[in-house]
Every structure is written in structure tokens, then in C-alpha cells.
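Engineer: I would like the entire structure built from these sequences, with the hints used as guidance.
Residue numbers (UniProt numbering), protein chains in the order written: chain A, 1 to 212; chain B, 1 to 328.
Hints are computed from structural coordinates only; laboratory data are not their basis.
Among the hints, erroneous ones may be present.
What the hints assert, rightly or not - No farther apart than 16 Å at their CA atoms in a straight line, the calculated lysine to aspartate or glutamate pairs in the EDC-like style are these:
1) K123/A / E35/B
2) K325/B / E84/A
3) K180/B / D30/A
4) K158/B / E35/B
5) K203/A / E255/B
6) K325/B / D30/A
7) K322/B / D197/A
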Amino acid sequence: MSLKSLDPRVTRLNLPEGEVPPMEEKPELDQFETYEAFHQKKEGAAHTYVGPVHAPNEDVAFLFAKEQYSRRFPCVGLWIVRTENIQVTPYGNDGENVYDMLRIEEPAERTEQPEPYEIFHLKKRGKAHTHAGRIMATSYLGALQEAKQQFGDKGPIVNVWIAKSKDVLQSAEEDKDMWTTIPEKKYREAIAYKVMDKITKYKEENKPTTAQ
Amino acid sequence: MYGGGNVFEATKFDNLQSEDPVKLAEFEARIARGEKIEPTDWMPELYRKQLIRMIEQHAHSEIIGALPEGTWITRAPGFRRKMAQMAKVQDEVGHAQLLYSAAETLGKSREQMLTDLINGKSKYSNVFNYPAFTWADSNIISWLIDAGAIVNQMANAKGSYGPYSRALERICAEEAFHLKYGHDAVVHMATGTPKQREMIQAALNRWWPPIMTFFGPSDKMSTHTETLMRWKVKMASNDECRQQFLDMYVPKIWELGLTVPDPKLKKNQETGQWEYTEPDWDEFKRVINGDGPCNAERLAVRRTAEERGAWVRRALLNPKAKYVKPLA
Ligand SMILES: [Fe+2]
Ligand SMILES: [Fe+2]
Ligand SMILES: [Fe+2]
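Structural biologist: Right, dumping it as C-alpha cells:
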């Protein structure tokens with residue numbers, strides 16, 4: 001006997017009826033590795049952290065993040081970074097500046113070619129990391145030091161994330177049209193449902209019998 | 001969707017004796033100051049375990065909750081309703097992803113959570129073990145189950161764990177649509193033909209008992225509960241949530257001339273509290289432990305999806321991939 005459902009599609013799956021036998025433990029990485037996503041809400045705004053996605057590679061991560069984080073609300077840009085490629089400072093208390101708490105030693109070697117790094121700041125615990133800017137450095141530590149010089153005095157900063165610019169997959173100018181239809185999908189907006197009008201009309205028409 | 005998070009297997013409460021008293025004091029002071037906890041902060045084992053359990057169950061509820069409504073996409077009357085129903089179901093699955101990630105930051109892998117769901121080791125909201133017989137049932141779920149979930153989620157968004165709060169903020173923004181969409185669908189039926197009215201009333205009658213159990217039985221006030229409230233893990237008691245839900249939605253049901261199938265339901269004007277027939281908690285326990293009309297189907301469908309997708313995931317897996325916990 002196979003499982004009969006109210007949903008004909010489920011019935012057609014021909015699943016065995018009754019108790020489901022235990023499933024084997026999922027193997028490690030069955031759900032892939034993780035990537036962190038940052039979105040840009042409008043032209044000129046800083047990219048802001050929206051959350052992670054699980055994906056087999058950067059491009060799929062971009063696709064998943066586009067669906068997960070930029071499906072419903074205005075968006076003009078999306079950045080993806082492999083979680084592993086982001087260096088994180090310790091967290092400070094709210095109101096503190098984490099740059100002041102870190103002893104950042106001079107990087108020993110300065111022989112390599114400097115390359116660009118992206119710096120993200122968290123201003124308050126529970127909020128989202130926001131892009132502070134790009135700096136040139138030869139290492140993560142050097143980048144942190146440079147970031148302190150350039151952006152370190154901008155009020156409370158409880159945490160800093162650093163990624164090499166080459167590790168950031170950025171949506172391009174010509175990608176922007178992928179978000180142009182978002183405002184057209186009015187059926188996903190609460191304001192599209194004029195419930196009160198219907199209720200008022202109903203009450204008008206049913207005055208004597210609506211008392212409960 | 002989410003409900004009744006604290007009625008399942010209790011975490012052992014060890015009076016926090018094994019925790020470092022200095023770190024514990026700092027942790028509690030941070031929460032008392034109104035600061036959020038972030039993943040790399042020190043936290044008591046009880047805090048970590050309880051949050052994993054709560055967030056994981058919340059995630060499972062979103063993904064399983066998408067099943068009874070997903071069933072109605074192809075049969076929703078009209079193109080616009082199909083589009084809206086599809087958008088809502090997609091939101092719910094997205095909520096599951098957000099929540100799984102939040103739980104992951106606490107150290108439980110998504111692989112393990114999905115395995116535990118399918119093997120019945122961790123639960124989801126019990127209401128989804130009931131069937132959605134008609135389109136009207138789907139409308140009642142969209143409106144009132146989501147309404148219950150929103151009461152819960154709004155409270156939990158003010159909780160102390162940063163990643164959970166961030167996820168809930170996004171979720172609440174999307175839920176605003178669900179609530180209006182569901183309300184509109186119910187209003188459409190209730191103000192329609194006699195047949196439509198009859199259908200929506202019948203669906204409400206079927207769903208009312210599960211809805212009344214949605215927030216779980218009254219909390220036993222214990223040191224355990226008090227600790228979780230002090231740590232802003234549990235933000236309101238089950239009864240407070242239920243009362244708030246009744247306050248907000250019973251008048252909206254009545255104004256449509258629909259009836260609630262509970263003769264005892266009324267607001268006591270002196271106490272300001274709703275009185276109602278005590279839900280059947282024995283049935284609740286029986287169903288949550290597997291003996292409900294849809295438990296087997298829900299898990300079988302989820303399991304099939306996992307199994308049939310496995311080869312695709314294996315084929316896509318980069319052999320050099322290395323797992324790192326999401327950052328926040
Ligand atoms: Fe929901
Ligand atoms: Fe949801
Ligand atoms: Fe919802």
C-alpha cells in the first residue's frame with residue numbers, strides 16, 4: 001500500500017505507507033559550505049550584511065542569495081564572500097571602539113605588492129555589518145591597521161570583518177536589471193490587500209445580523 | 001510559522017553550577033544592559049542548548065508548514081491567488097533557511113538538524129500534523145496560524161541572541177504580507193456566497209482546536225523558566241501569547257459574522273482575560289509524539305525531497321570544500 005494524500009501530487013510519489021524508517025545521518029558537507037551575502041538597498045548606499053547561504057560554489061551562492069535576500073525588497077547590488085575568506089576581530093561591548101582595544105602589531109614583511117581589502121563595521125550588537133570602505137594592504141593584519149587609520153575614529157565599532165577584494169563576488173552594473181521587476185509584484189505587499197474596504201462593505205450590507 | 005516552543009523534551013537544568021561564575025556574571029550583565037549576544041561570545045551551555053532547540057524547531061515549522069499550503073498552489077482559484085500563494089510558500093521556505101543558519105551559528109550543523117527532523121528527534125509546530133482539506137483550510141492557515149506565529153516572532157525578535165533577532169526582523173517584514181493575504185482570503189470567503197461562507201466556517205471549526213494549542217500548554221513557572229526569561233530567550237509565557245492572540249483576532253473573526261466553536265469563549269471584563277475551554281492536551285501530546293493525521297506524510301515528503309536531491313548535491317560538491325560556521 002502506498003501513501004494516500006489529499007494532495008494528488010503526494011499520492012503520485014508512491015511513498016510507502018506507515019512509519020518512516022530512520023534516515024541515515026547526512027554526510028558531512030551534504031549541505032555544502034557557507035557564503036556570506038551583502039546587499040545594496042539603493043544606489044550609492046553601502047553594502048550591508050544580510051546573512052549566509054549554503055552553496056557548492058560562489059556562483060550558485062550568488063543565485064541562492066539573490067533569491068533568499070533580494071527577492072522581496074528593493075536591491076541594486078549584491079556581494080558574496082566565502083565565509084572562510086572573512087577575517088573577524090573579537091567583539092567589543094556596545095559603545096566601544098574595537099580598534100582601540102586591539103593591539104595591532106606592525107606586519108613584519110612589507111615586501112609584497114599591496115592589494116585591495118574590503119572593510120565591514122558592526123556599529124551595535126544585533127545590527128548588521130556595513131561596508132566601511134576599501135583599503136590597500138599586504139595582509140589581513142596590515143589591512144586592519146590601515147582600516148584603523150582610515151575609518152577607526154568613526155564612533156562606536158563593536159566588530160570588524162575583513163575580506164580581500166578579489167574574494168568578493170560583486171554584481172555588475174549590467175546585472176541590475178535582475179531586480180527591476182521587484183516593485184511590480186504587488187501581490188506580495190501587504191498594502192495590496194484592501195481588506196478593510198471589503199469588511200466595511202459587508203457590514204453595511206448586513207447591518208441587522210452582524211451583532212455577535 | 002512557529003508555536004509551542006517549550007513543551008517538548010526539557011533540557012536538563014543543572015543550576016548553572018558548572019558555569020564559570022565570573023563569565024556568567026558578565027554574560028548576564030550584558031543582557032541586563034540590553035546588549036545582544038553574538039556567536040563568538042561566551043555563553044552558558046543552557047543558553048546555547050535552549051536556543052538551538054528553539055530556533056531549530058522554529059526552522060522545522062517553517063519548512064513543514066510550507067507543505068499544507070504548498071499543496072494548494074496548483075489548486076488555488078485564479079492566477080493571482082496562485083502567484084500570491086506561491087510567494088507566501090517561498091517566503092516560508094526562506095524563513096527556514098534563515099533560521100537554520102541562525103541555529104548553525106550556535107554550533108549545530110544543518111545536516112544534523114535535517115536528520116533530526118526526519119528521524120523525529122526534533123519537533124515542529126504540531127498544527128501542521130493536521131490536514132488542509134479545502135482551499136478554505138489553506139486560508140485559515142494563512143491567516144490565523146501565521147497570526148499566531150507573528151505573535152511569537154514579534155516577541156522573540158526582542159530576544160538577546162543577535163543572529164536570531166536579525167533573522168526574525170527579516171521574517172516579520174515578510175509576514176506582514178502573509179497576514180494581510182490570509183485575512184483577505186478569509187474575508188473573501190466569509191463575504192461571498194452561502195457556500196463559501198459555509199466552507200470557511202467549516203475550516204475555522206476544524207482549525208480552532210489546533211490553533212488553541214499553538215502556543216503550548218500553560219508554563220510551569222520554575223527556576224528554569226525564570227532563568228530563560230532573564231536571559232531573554234523566552235520572551236513571553238505561552239498563556240500571555242495565547243491571550244494576545246485572542247485579543248487581536250477573535251474580534252476580527254466575529255466581525256465577519258463567523259462563530260468560534262467554543263461556547264465558553266468570552267473575554268472576562270473584570271480580569272481582562274479570555275476564558276475558553278481548556279484544549280485537549282492529551283490529544284496534543286499524542287499527535288506531537290507521532291500519532292496525528294499527517295505526521296507520517298509530512299516526514300515522508302520531507303525525506304523524499306532530501307533523498308531525491310542527494311545525488312545532485314553530491315555531484316555539485318567541491319571536493320576541496322571545507323565547512324566553516326556562518327559568521328552571524
Ligand atoms: Fe508561517
Ligand atoms: Fe514564516
Ligand atoms: Fe508566514
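Engineer: It remains to establish, for every hint, whether it holds in the given structure.
Structural biologist: The hints, checked one at a time:
1. Under the criterion of a C-alpha separation no larger than 16 Å, the hint pairing K123/A with E35/B is consistent with the structure, at around 12 Å.
2. For a cut-off of 16 Å, the pair hint linking K325/B to E84/A stands: about 9 Å separates their Cα positions.
3. Taking the CA atoms of K180/B and D30/A, the gap is near 37 Å; set against the 16 Å cutoff, the hint is violated.
4. Pair hint K158/B plus E35/B holds up; C-alpha atoms about 11 Å apart against a cutoff of 16 Å.
5. Using a Cα cut-off of 16 Å, the hinted pair K203/A and E255/B holds, with the two alpha carbons roughly 8 Å apart.
6. The straight-line distance between the Cα atoms of K325/B and D30/A is roughly 14 Å, inside the 16 Å bound, and the hint therefore holds.
7. For the proposed pair K322/B and D197/A, the alpha carbon gap of about 55 Å is over 16 Å, so the pair is violated.
Violated hints, in rising order: 3, 7; the structure is consistent with all others.
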